[in-house]
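Chemist: So the sequences go chain by chain: F and G. Quick note on the working numbering: the first sequence kicks off at 1 and runs consecutively. Quick note on the working numbering: the second sequence kicks off at 1 and runs consecutively.
Note that these hints are calculated values from the structure, not bench results. Keep in mind it's a predicted model, so treat the numbers as computed, not measured. Heads up, a few of these hints could be off.
What the hints assert, rightly or not - Computed spacing ranges between beta-carbons, pair by pair: (1) G:SER8 with F:SER51: 34 to 40 Å; (2) G:THR5 with F:GLU58: 28 to 34 Å; (3) G:VAL52 with F:TYR39: 28 to 34 Å; (4) G:ASP51 with F:SER51: 22 to 28 Å; (5) F:ASP31 with G:THR5: 30 to 36 Å; (6) G:GLU79 with F:ALA70: 41 to 47 Å; (7) F:GLY83 with G:ASP26: 23 to 29 Å; (8) F:ILE53 with G:VAL95: 19 to 25 Å; (9) F:GLN3 with G:LYS70: 29 to 35 Å; (10) F:GLN3 with G:ASP26: 30 to 36 Å; (11) G:MET54 with F:ALA41: 28 to 34 Å.
Glycine included, every Cβ here is placed at the ideal spot set by N, Cα and C.
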Amino acid sequence: DQQVKQNSPSLSVQEGRISILNCDYTNSMFDYFLWYKKYPAEGPTFLISISSIKDKNEDGRFTVFLNKSAKHLSLHIVPSQPGDSAVYFCATAGGTSYGKLTFGQGTILTVHP
Amino acid sequence: DVKVTQSSRYLVKRTGEKVFLECVQDMDHENMFWYRQDPGLGLRLIYFSYDVKMKEKGDIPEGYSVSREKKERFSLILESASTNQTSMYLCASRVRGHEQYFGPGTRLTVT
Numbered sequence: 001d002q003q004v005k006q007n008s009p010s011l012s013v014q015e016g017r018i019s020i021l022n023c024d025y026t027n028s029m030f031d032y033f034l035w036y037k038k039y040p041a042e043g044p045t046f047l048i049s050i051s052s053i054k055d056k057n058e059d060g061r062f063t064v065f066l067n068k069s070a071k072h073l074s075l076h077i078v079p080s081q082p083g084d085s086a087v088y089f090c091a092t093a094g095g096t097s098y099g100k101l102t103f104g105q106g107t108i109l110t111v112h113p
Numbered sequence: 001d002v003k004v005t006q007s008s009r010y011l012v013k014r015t016g017e018k019v020f021l022e023c024v025q026d027m028d029h030e031n032m033f034w035y036r037q038d039p040g041l042g043l044r045l046i047y048f049s050y051d052v053k054m055k056e057k058g059d060i061p062e063g064y065s066v067s068r069e070k071k072e073r074f075s076l077i078l079e080s081a082s083t084n085q086t087s088m089y090l091c092a093s094r095v096r097g098h099e100q101y102f103g104p105g106t107r108l109t110v111t
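Turn these sequences into a full structure, and let the hints guide you.
Modeler: The following block contains the structure:
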């Protein structure tokens with residue numbers, strides 16, 4: 001029972017273009033959503049988040065969009081840079097105590113120079 | 001800066017061995033978590049702890065146990081390692097809000 005799904009295992013983008021990573025969830029109790037970035041041989045690092053009371057949150061080149069009716073969120077990276085090449089995980093929280101997060105499977109982003 | 005450290009970056013163990021993975025955080029965080037990361041499966045929660053000596057099972061606790069005797073330290077124990085426990089193990093901590101801070105991970109290989 002995969003409550004959080006990232007249906008694209010990989011994405012390849014040219015430097016300077018937009019990268020769009022997608023995530024779908026099933027549990028309407030989720031009320032907070034996060035994106036993490038992970039380089040090989042390192043732990044995930046927090047990138048950006050959004051509360052369910054918003055539909056958009058921006059931080060520099062990164063924007064997260066939330067569509068609650070579709071239970072869908074996306075991460076836009078504009079412009080993409082080679083250093084953005086990493087695995088991106090979406091994660092959801094809510095409906096439980098102690099700050100448990102539920103993660104998607106991850107999407108490998110490759111940005112070509 | 002929050003710092004979460006894990007005792008080993010790489011570990012090779014034999015089937016049947018008892019394995020200890022240690023995690024230490026330096027920010028007085030109450031909540032600590034152990035995940036494993038496998039290709040195509042993302043991060044899956046094994047166990048978490050919300051206070052000293054308190055623990056809760058995550059989504060995949062079978063074959064694992066944990067110990068939290070001090071607030072800063074959370075240990076994951078593989079009672080009898082098996083080859084299907086070969087994985088990347090990630091520790092995280094959290095104090096408030098939803099963000100979790102991760103350690104660098106331990107790549108465990110069981111042969």
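Chemist: How does the Cβ-Cβ distance of F:ILE53 and G:VAL95 compare with 19 to 25 Å: does it lie in that range?
Modeler: This hint holds: roughly 22 Å between Cβ atoms.
Chemist: Range first: 28 to 34 Å. Now tell me if the beta carbons of G:VAL52 and F:TYR39 are that far apart.
Modeler: For G:VAL52 and F:TYR39 the Cβ distance comes to about 32 Å; the hint holds.
Chemist: With 34 to 40 Å as the target window, see if G:SER8 and F:SER51 comply at their CB atoms.
Modeler: The hinted range 34 to 40 Å holds for G:SER8 and F:SER51, with Cβ atoms some 37 Å apart.
Chemist: Could one say that the CB atoms of F:GLN3 and G:LYS70 fall in the range 29 to 35 Å?
Modeler: holds (33 Å)
Chemist: For the pair F:GLN3 and G:ASP26, does the Cβ-Cβ distance stay inside 30 to 36 Å?
Modeler: Holds - the Cβ-Cβ distance for F:GLN3 and G:ASP26, about 32 Å, lies within 30 to 36 Å.
Chemist: Cβ-Cβ distance between G:MET54 and F:ALA41: within 28 to 34 Å?
Modeler: Given about 31 Å between the Cβ atoms, the range holds.
Chemist: Regarding F:GLY83 and G:ASP26, is the given constraint of 23 to 29 Å on their beta-carbon distance met?
Modeler: holds (27 Å)
Chemist: For the hint 30 to 36 Å, verify it against the beta carbon of F:ASP31 and that of G:THR5.
Modeler: Roughly 31 Å apart at Cβ, these two residues keep to the hinted range, so it holds.
Chemist: Between G:GLU79 and F:ALA70, does the beta-carbon spacing fit 41 to 47 Å?
Modeler: holds (43 Å)
Chemist: For the range 28 to 34 Å, tell me whether the beta carbons of G:THR5 and F:GLU58 fit it or not.
Modeler: Given a distance of about 32 Å, which is inside 28 to 34 Å, the answer is holds.
Chemist: In this structure, is the beta-carbon distance linking G:ASP51 and F:SER51 contained in 22 to 28 Å?
Modeler: holds (26 Å)
Taken one by one, the earlier hints all hold for this structure without exception.
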